[in-house]
Amino acid sequence: MLQQYSEQAGGQKIEIHSSNHSFALWRLLLYATADFPAWGDPNSPANSYLSPHYIQKSIEETGVPNLVTSVLADYRGFDTMFETAVVFCAGLACFLLLRNFKQKEENFYRHIPTGVIIQFKKGDKTLPVGKEFEHIDTEWIPYDLIIKTVCRILIPFIQLYALYVVAHGDFSPGGGFQGGVIFGSSLMLYAIAYNLRTLVQRVKEKLLGLFCAIGVLIYAGIGVVCMALGGNFLDYGKLSQILPVDPGHIRAYGMLGVEIGVGITVMAAMVIIYVNIVSIGRHDEGL
Amino acid sequence: MHWQIDLIILTFTIFCALAAISVKDLLSTAILFGAYSFMMCLLWAVMGAVDVAFTEASVGAGVSTVFFVAAVFRTSRRTKD
Numbered sequence: 001m002l003q004q005y006s007e008q009a010g011g012q013k014i015e016i017h018s019s020n021h022s023f024a025l026w027r028l029l030l031y032a033t034a035d036f037p038a039w040g041d042p043n044s045p046a047n048s049y050l051s052p053h054y055i056q057k058s059i060e061e062t063g064v065p066n067l068v069t070s071v072l073a074d075y076r077g078f079d080t081m082f083e084t085a086v087v088f089c090a091g092l093a094c095f096l097l098l099r100n101f102k103q104k105e106e107n108f109y110r111h112i113p114t115g116v117i118i119q120f121k122k123g124d125k126t127l128p129v130g131k132e133f134e135h136i137d138t139e140w141i142p143y144d145l146i147i148k149t150v151c152r153i154l155i156p157f158i159q160l161y162a163l164y165v166v167a168h169g170d171f172s173p174g175g176g177f178q179g180g181v182i183f184g185s186s187l188m189l190y191a192i193a194y195n196l197r198t199l200v201q202r203v204k205e206k207l208l209g210l211f212c213a214i215g216v217l218i219y220a221g222i223g224v225v226c227m228a229l230g231g232n233f234l235d236y237g238k239l240s241q242i243l244p245v246d247p248g249h250i251r252a253y254g255m256l257g258v259e260i261g262v263g264i265t266v267m268a269a270m271v272i273i274y275v276n277i278v279s280i281g282r283h284d285e286g287l
Numbered sequence: 001m002h003w004q005i006d007l008i009i010l011t012f013t014i015f016c017a018l019a020a021i022s023v024k025d026l027l028s029t030a031i032l033f034g035a036y037s038f039m040m041c042l043l044w045a046v047m048g049a050v051d052v053a054f055t056e057a058s059v060g061a062g063v064s065t066v067f068f069v070a071a072v073f074r075t076s077r078r079t080k081d
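Protein chains in written order, with my numbering: chain S, 1 to 287; chain L, 1 to 81.
Among the hints, erroneous ones may be present.
[Stated by the list, open to error] Reference excerpt, derived from the structure (chain S facing chain L, CB under 7 Å, subset only):
id : residue
1  : I59
2  : Q178
3  : S185
4  : I277
5  : V278
It should be emphasised that the hints constitute simulated quantities derived from the structure, not laboratory data. The beta-carbon is built from N, C-alpha and C at its ideal position, and this holds for glycine as well.
Please put together the full structure from these sequences, using the hints given.
Written as structure tokens, this is what we have:
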């Protein structure tokens, strides 16, 4: 942009001017950083009122050792609920913008025993996909045995790790967001190692949409249950009336439920976004 | 205390950031963004913000790189400007 304008103006004057301006702005911003409190300064405004309360009282008030989780899911639970809703909206927006229900004009099939490739120019003719024929992409590459085998071994472990991250969000780093993202990326790895059709057949689009909404509903539902039991919205302490667990740990159980909701939504939204981007909304062939 | 580690990681971070905006090949840009995210993740971990580092590693270096590669796969490989 800058170069175009300077070429139109026929000289370098504009370019020099704007670079001077940006340099001045840069210096101003650098000068203003001197006013910031030093890193880790215990007397800075951000560290003097709320943080000491969280650090000193968090374990006794919530019973959760991981401070970050207790702040995110309990003290700021309302915030996190709408973050989850934002992820849901991102998945929904990708679906609405990109999804294309029209079938493709050309279809390619491969006769498995002979390896002959059949092309249909009109979309209305189809072959029964099964042991004899398989649906293939326009730019078909034979499957690599090594990639397929390695992914088949790796995917269960990745998914188990994702579940561990969700379940141990209270005690170690992690939680619903990270666990959901890891679970979603294991499904993406499946699509990359095999092909997109295999993933779409295994994990149906309707199921993903349902999961995406159910996660937010679990989160909001726990809040509403707390309200129905006589507390505030997302006041997990009130859940001890219906859950037969140690009342000291009831807030940890409430947070676990909330994190599971977050994980489900994030997992489904990531897969929806990936499938829609990589196949331009057609859900047939892609990376 | 950790200033040598900090310096090395910061140098790599700035190098990755500058390379990501100057490279013409969009696939390389996507990969460089992944490397940049990973360096940021290490920086968070050095500063003790392990939760943020975990998020950066899984979301920034993992999934968003896949999304970038998917978008490059469906558009053009080379940038026009």
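Right, here's what the structure says about each hint:
At its closest, the beta carbon of I59(S) sits 16 Å from a beta carbon of chain L; the interface hint therefore is violated under the 7 Å criterion. Given the 7 Å rule on beta carbons, the hint for Q178(S) holds: about 5 Å separates it from the nearest Cβ of chain L. For S185(S), the suggested interface contact is upheld, since its CB lies about 5 Å from the closest CB of chain L, less than 7 Å. For I277(S), the suggested interface contact is upheld, since its CB lies about 5 Å from the closest CB of chain L, less than 7 Å.
Because the smallest distance between the Cβ of V278(S) and any Cβ of chain L comes to about 4 Å, under 7 Å, the interface hint for this residue holds.
The earlier numbered hint that this structure contradicts is number 1, and it is the only one.
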